[in-house]
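Based on the hints, put chain B in the right spot on chain A.
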Amino acid sequence: MKALIIGGTSAIGEGIARCLAAMKYRVDFTYHSNTEKAKSLGEALGDDHHSVRVDLSDVSEVSKFVASLNAASAPDVLINVAGITHDALSVGNIGADLARVAQINFLAPASICARVVELMMPRRCGSIINVTSIASKMPRVGNAAYGSTKAALERFTATLAIEVARYKVRTLCIAPGFVDTPMFHAFAGDRRKDIIKNLPLREILAVDDVVNSVAAFVGGKIKTTGTTLYLTNGQSVL
Amino acid sequence: MIAEEIARVAAGVMYFDDVSEIDFKRSLFNDYSMSSLDFVDFAFELKDNSGKEFSPDELWPINLMMKNPDFYTNGEWTDIGKEALSKIFSDFTPFDGANLSAERLHEFFSVNFIQHRLANI
Chain A
1302 MKALIIGGTS AIGEGIARCL AAMKYRVDFT YHSNTEKAKS LGEALGDDHH
1352 SVRVDLSDVS EVSKFVASLN AASAPDVLIN VAGITHDALS VGNIGADLAR
1402 VAQINFLAPA SICARVVELM MPRRCGSIIN VTSIASKMPR VGNAAYGSTK
1452 AALERFTATL AIEVARYKVR TLCIAPGFVD TPMFHAFAGD RRKDIIKNLP
1502 LREILAVDDV VNSVAAFVGG KIKTTGTTLY LTNGQSVL
Chain B
25 MIAEEIARVA AGVMYFDDVS EIDFKRSLFN DYSMSSLDFV DFAFELKDNS
75 GKEFSPDELW PINLMMKNPD FYTNGEWTDI GKEALSKIFS DFTPFDGANL
125 SAERLHEFFS VNFIQHRLAN I
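The listed protein sequences derive, respectively, from chains A and B.
Using the numbering used here, read the first sequence as starting at 1302 and increasing by one per residue.
Using the numbering used here, read the second sequence as starting at 25 and increasing by one per residue.
Keep in mind the hints are simulated off the structure, nothing from the lab.
Among the hints, a few may not be true.
Claimed, not checked - With the Cβ distance kept under 8 Å, some of the chain B side facing chain A (calculated, not the full set):
{"id": "1", "residue": "L61"}
{"id": "2", "residue": "V64"}
{"id": "3", "residue": "D65"}
{"id": "4", "residue": "F68"}
Just so you know, even glycine gets a beta-carbon here, dropped at the ideal spot from N, CA and C.
One chain only, chain B, in its complex shape:
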C-alpha cells in the first residue's frame, strides 16, 4: 500500500477531518494518540485494504514480543530479542540499542513504518 492510502485509513479510524493532519514520519501512537482499540480497528482496515492476511500482532509485534521471556525479561530485551527487533526495523531505521522501551519503540509506529512493515509481512 502507498503511504497516502495508509494515512487515509488511519485518519478514518481516528475520525480525523482531514488526512493531511497526519505527518507520515510521526508516531500514530505518541503523536496522534492512537488507542489500542483504534490500533486493532486500523489493522483490520489495513488487512481489508491491502488484501494481505495478517493479525494486529503481526503488524506491530512488539507487545507480543515483550510477553515472551526469550525476547524480553526482567524489563530488558535479551540478545535474541534485540536481534528480532533489528529484523523488524531493518532497512527502516538504524538502532542505537540504547533505549528500547515500549514508549520509545512506539515512536517508530508511523505511516512510513507501516508501509515498510506491510511490504515485509
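Okay, chain A solo, but in the shape it has when bound:
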C-alpha cells in the first residue's frame, strides 16, 4: 500500500508520514523548502520511499508533478497537508496575495486530487484526506483569504466525494483548530497565552490529535465520505 503526502515536512505532514509508515504504508512525500527535514524524514522512512521538491505556488511545477503521476506510482492514500497562512485585512489591492494563497491552499491540492482520483477509480479503492482548518467556518479579522481557500477545498472535496463514491474512493477533510506546530507559534508570537485563554477548552491540539484522525479514516475506523471532521479547541462550528 502506498501513501502520498503533499507537504511531508510540515509538523503535521511529518507526523502523518511516520504514522502511515508504522501502518506499513510506503510513504512518498513532497516538500517545498525544508531540504534538511526532507532528508531526515526520508531516512526515518527507510529506503523504500520517494520524496520530491514541489513549489505549490508555481502552477507549472504543480502541472509537471501532476503529469508525473501514473498508474504505477498512484497512491492508495493521498493526503494534502501543505498550506500557508495569510493574515491581512481584505482591503485594497489584495489580488496577488489572494492568488498566491488560493494557488497553494486550494488550486494545487485540488489539481493533485483530481489526478490521483483518476488513478484510484479503476482500482475501485482509495482514500483522500485534505487538511483544512476551522477557519473555513469561522470568519475572523484578517483570515478572509486563508479561510476562504480552506472553505473552497472543503467544498471541492465534498463534490469530489459524490463523483467518485461509486468507485469506492472516499474523501475526508480534517479541519483542525489551533495545533501546536511551528505555524501556530509563528502566528501566535507573544500572544500565545492570550489566544489559549480565549479558547473554550483552553488548550491547543497536539499534532498527534490530527494524525490519529488520519489513521482512523485510512484504517477504516471512520466510515464516511465527503464530510469534514472539525477538530476544535472547543469552538462551536456550525
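Same frame as chain A, but now just chain B:
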C-alpha cells in the same frame, strides 16, 4: 466482446433489472439515460471484462476531440475532425455529414457501436 456481454455490463452499471431492456441498436446515452458517471463506470467494467487496455476517452473519443481546436472549432468540426470521425465510425455507419452535433453523435453510442469500437481499439 460479444454484444450480449456488453449489454450485460451496461445493464449492471445502470441497475437495470433485465438485460433484455437494452436494444443493441439504441443509444445508451439518449435512449437509456446513461450518465457521465455511468459511462466511466461502464468503460472500467468493459476494460476488466475484455482484457483490453483503454481509457474511457478511447472508448468514446468524441468529447476529447471536441476540445481539440484541430478537430472542432467555433462550434463546427474541421475537415481534419470530420476525417477523424469517419475513421471512428468507418464500417459502422455511413456519415451524411449534415448534423454532427454532440447530441446527434450520442445517438451512435449503442451496444453495437461499442462492440465495433472494442474490436478496433
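Structure-based check of each hint:
1. L61: The hint holds - L61 of chain B has a Cβ within 8 Å of chain A, the shortest such distance being about 6 Å.
2. V64: 7 Å, holds
3. D65: Hint on D65 of chain B: holds, closest Cβ of chain A at ~6 Å, below 8 Å.
4. F68: 5 Å, holds
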